[in-house]
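Protein chains: 2
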Amino acid sequence: MSADHADEPRIMLAHGGGGVMMQELIGGLILRHLGNPTLNRLEDAAVLAPCSSRLAFTTDAFVVKPIFFRGGDIGRLAVCGAVNDLAAVGAEPLALSLSLVIEEGLPISVLDRVLQSVAATAAEARVQVVTGDTKVVERGAADGLFLITAGLGAVCDGVHLSPAEVRPGDAVIATGTLGDHGIAIISQRSGLEFESPVQSDVAPLGGLVEHLFAPRSPVRTPHSALRTAVHCMRDPTRGGTAAVLNEIAAAAKVEIEIEESLLPVRPEVAGACDMLGFDPLYVPNEGRLIIFCAEDAAASLVERLRSHPLAAGAVRIGSVKKGARACPEHSRRGRVVLRTRVGGTRIVAAPYGEQLPRIC
Amino acid sequence: MSADHADEPRIMLAHGGGGVMMQELIGGLILRHLGNPTLNRLEDAAVLAPCSSRLAFTTDAFVVKPIFFRGGDIGRLAVCGAVNDLAAVGAEPLALSLSLVIEEGLPISVLDRVLQSVAATAAEARVQVVTGDTKVVERGAADGLFLITAGLGAVCDGVHLSPAEVRPGDAVIATGTLGDHGIAIISQRSGLEFESPVQSDVAPLGGLVEHLFAPRSPVRTPHSALRTAVHCMRDPTRGGTAAVLNEIAAAAKVEIEIEESLLPVRPEVAGACDMLGFDPLYVPNEGRLIIFCAEDAAASLVERLRSHPLAAGAVRIGSVKKGARACPEHSRRGRVVLRTRVGGTRIVAAPYGEQLPRIC
Numbered sequence: 193m194s195a196d197h198a199d200e201p202r203i204m205l206a207h208g209g210g211g212v213m214m215q216e217l218i219g220g221l222i223l224r225h226l227g228n229p230t231l232n233r234l235e236d237a238a239v240l241a242p243c244s245s246r247l248a249f250t251t252d253a254f255v256v257k258p259i260f261f262r263g264g265d266i267g268r269l270a271v272c273g274a275v276n277d278l279a280a281v282g283a284e285p286l287a288l289s290l291s292l293v294i295e296e297g298l299p300i301s302v303l304d305r306v307l308q309s310v311a312a313t314a315a316e317a318r319v320q321v322v323t324g325d326t327k328v329v330e331r332g333a334a335d336g337l338f339l340i341t342a343g344l345g346a347v348c349d350g351v352h353l354s355p356a357e358v359r360p361g362d363a364v365i366a367t368g369t370l371g372d373h374g375i376a377i378i379s380q381r382s383g384l385e386f387e388s389p390v391q392s393d394v395a396p397l398g399g400l401v402e403h404l405f406a407p408r409s410p411v412r413t414p415h416s417a418l419r420t421a422v423h424c425m426r427d428p429t430r431g432g433t434a435a436v437l438n439e440i441a442a443a444a445k446v447e448i449e450i451e452e453s454l455l456p457v458r459p460e461v462a463g464a465c466d467m468l469g470f471d472p473l474y475v476p477n478e479g480r481l482i483i484f485c486a487e488d489a490a491a492s493l494v495e496r497l498r499s500h501p502l503a504a505g506a507v508r509i510g511s512v513k514k515g516a517r518a519c520p521e522h523s524r525r526g527r528v529v530l531r532t533r534v535g536g537t538r539i540v541a542a543p544y545g546e547q548l549p550r551i552c
Numbered sequence: 193m194s195a196d197h198a199d200e201p202r203i204m205l206a207h208g209g210g211g212v213m214m215q216e217l218i219g220g221l222i223l224r225h226l227g228n229p230t231l232n233r234l235e236d237a238a239v240l241a242p243c244s245s246r247l248a249f250t251t252d253a254f255v256v257k258p259i260f261f262r263g264g265d266i267g268r269l270a271v272c273g274a275v276n277d278l279a280a281v282g283a284e285p286l287a288l289s290l291s292l293v294i295e296e297g298l299p300i301s302v303l304d305r306v307l308q309s310v311a312a313t314a315a316e317a318r319v320q321v322v323t324g325d326t327k328v329v330e331r332g333a334a335d336g337l338f339l340i341t342a343g344l345g346a347v348c349d350g351v352h353l354s355p356a357e358v359r360p361g362d363a364v365i366a367t368g369t370l371g372d373h374g375i376a377i378i379s380q381r382s383g384l385e386f387e388s389p390v391q392s393d394v395a396p397l398g399g400l401v402e403h404l405f406a407p408r409s410p411v412r413t414p415h416s417a418l419r420t421a422v423h424c425m426r427d428p429t430r431g432g433t434a435a436v437l438n439e440i441a442a443a444a445k446v447e448i449e450i451e452e453s454l455l456p457v458r459p460e461v462a463g464a465c466d467m468l469g470f471d472p473l474y475v476p477n478e479g480r481l482i483i484f485c486a487e488d489a490a491a492s493l494v495e496r497l498r499s500h501p502l503a504a505g506a507v508r509i510g511s512v513k514k515g516a517r518a519c520p521e522h523s524r525r526g527r528v529v530l531r532t533r534v535g536g537t538r539i540v541a542a543p544y545g546e547q548l549p550r551i552c
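Respectively, the protein sequence lines represent chains A and B. For what it's worth, the numbering used here labels the leading residue of the first sequence as 193, then goes sequentially. For what it's worth, the numbering used here labels the leading residue of the second sequence as 193, then goes sequentially.
You may find that some hints are simply not true.
Just so you know, same-sequence chains aren't split out, so a pair can sit in one copy or run between any two.
Calculated lysine to aspartate or glutamate pairs in the EDC-like style (CA-CA distance at most 20 angstroms, straight line) [claimed, not checked]: (1) LYS445 - GLU216; (2) LYS513 - ASP335; (3) LYS513 - GLU449; (4) LYS513 - GLU451; (5) LYS513 - GLU200; (6) LYS513 - GLU402; (7) LYS257 - ASP349; (8) LYS257 - GLU296; (9) LYS514 - GLU487; (10) LYS257 - ASP335; (11) LYS513 - ASP349; (12) LYS513 - ASP488; (13) LYS514 - ASP488; (14) LYS257 - GLU449; (15) LYS445 - GLU402.
Hints listed in this document are in silico derivations from the structure and should not be mistaken for laboratory results. Since the model is a prediction, treat every value here as computed from it, not as a measurement.
Excised from the complex, chain A in its bound form (with noise of 0.2 angstroms):
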């Protein structure tokens, strides 16, 4: 960082002091890209207008190292992980905040871009930050910066996802191809270098939401029924799609079964994670879904969903097994089993530490 940006203008300890500095960084840099009439005002809080839906409420931080990577940064990835925690509970995003921990010493420049895509990624997923806090810390004390976004989203009429739904018999399908986010990173951080370089997968998924649960198609469409026939929802991202099928097979006491065959993973993600020793199920997404549905309802769910441009990929990947709640081991804790492409099978254990530090 320091050699590519010497001479430039830098975060200073003044620049979160509360005083004329701190104005004009806010003024100057953060409300050039963000300002909206709301966040303008700099009040302590946004008011914002009653919502007559349910609504959902979701916060991450972000540490993620580079900070600026294939297929996205830090920006872009703030501002998807709330949006995506509010979709996975079938919610469209009404508002974020955004807080930012700046270490002393950061160029300006490197700010301005994060804050650029923060701003082009909130404007392609129909939302506006709209309050926010900057602290600044010595040098020494943050690496460079981390984000912290919360999201407040208005949840979709008639739509009731949880790990509780899931039902024995439902499909598993999963939006797009999985690892893409994690093994981007990784590779980038370890400087491995391939033919066709890995991109994040990193999107917000606010649109396939509506897409899903509220065309605004005049035309009548049968998409309703998905309001119901979606069970639950979740985005794969620390511990990847293992870690989010345990997860739901614990909370609803279920077996998953998952094929080997189904899986969609990148040629060049399957090759890095064999030279890297990693599952690509344990490797995080940043723009996917895994969403469990009724059997039913699997096919026509998977055709809608390959109809929206971030799951095109979509397919079914398994089912929640029937019968799995008589088994009074699952009926405890639930367990996540899979069918390897030679016919066995063999249990996809939740992950245990760390595999991949400062993914997200």
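Add chain B to chain A, keeping to what the hints say.
Using the frame of chain A, we list chain B on its own:
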């Protein structure tokens, strides 16, 4: 930190990895302190009931050093920061989010103590943490522990607080002594010892807002008149009261005059300020409000404030000058004037840069 906690269990990178160890940290420590039916679901986002009031939304990052200080700690500060930002727009808290950014090696007992304080303060503020996130970064990449809260609130009906509502002739009221929090931190950090050590004023002010605008007493009270008589409130954190007054003077394009003889400053804070070269007007609080209200309601507002334990020391400190809008200079950016004890006046400038790094 390290010497005090030798051989203790510590946070490892694996505690942030999305796997079993993170689940154990969340289930074993975080839910033990903060658990409630919504948070316990551990969904990607919390789902809350619709809200027929206007919504308030805020966020703050906390990087205070030291983590534990006289009168509070980073956990209490993080809850109060969100609750008080909501209070400043006249909102009662509905829900909080909590993000943790933890440096590898933090003793788990420290996290335990901080979470206990978050829980106690949230209970005091009658609000719950309903969603959260935990990130662990490697040694040296963060300084111990950062907390980031977001707050969702319901704005009291009939209350419209904004600098735009401030009028010439309005009274300016402080709800208690100025500068306590900042002096508590800085005296502890600089190793100063006083005969009567200064305690931080950090406290959650949601109950005070309810006391002002929505008394639950079955007896009819005149306090509903305060809903329109109070024009603007701010909590004087970074930059202190001087920053708040200057921001409001600039936004409302008025001249604000405060009286040195009326400023409520504890003798021990005044003494520490003298010794350290600070002006108490620039030193942060974390449990006070600066309130602008209609002149004819000022006396009853002060009386009402004093009947609440968190505003027992409320006093009027000045006025918005009449006719100030007529002056071209003030109508452009406003200003703050201090009438000194000896009868002179001086400008209270907006703070420029950093007086007190990592004060909150």
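Verification of the hints:
no., hint, result
1, LYS445 - GLU216, "between (54 angstroms within a copy, 18 angstroms between copies)"
2, LYS513 - ASP335, "neither (45 angstroms within a copy, 47 angstroms between copies)"
3, LYS513 - GLU449, "within (6 angstroms within a copy, 73 angstroms between copies)"
4, LYS513 - GLU451, "within (12 angstroms within a copy, 75 angstroms between copies)"
5, LYS513 - GLU200, "neither (59 angstroms within a copy, 44 angstroms between copies)"
6, LYS513 - GLU402, "neither (29 angstroms within a copy, 52 angstroms between copies)"
7, LYS257 - ASP349, "neither (38 angstroms within a copy, 45 angstroms between copies)"
8, LYS257 - GLU296, "both (17 angstroms within a copy, 16 angstroms between copies)"
9, LYS514 - GLU487, "within (11 angstroms within a copy, 72 angstroms between copies)"
10, LYS257 - ASP335, "both (9 angstroms within a copy, 17 angstroms between copies)"
11, LYS513 - ASP349, "neither (29 angstroms within a copy, 51 angstroms between copies)"
12, LYS513 - ASP488, "within (15 angstroms within a copy, 71 angstroms between copies)"
13, LYS514 - ASP488, "within (14 angstroms within a copy, 72 angstroms between copies)"
14, LYS257 - GLU449, "neither (34 angstroms within a copy, 49 angstroms between copies)"
15, LYS445 - GLU402, "neither (29 angstroms within a copy, 43 angstroms between copies)"
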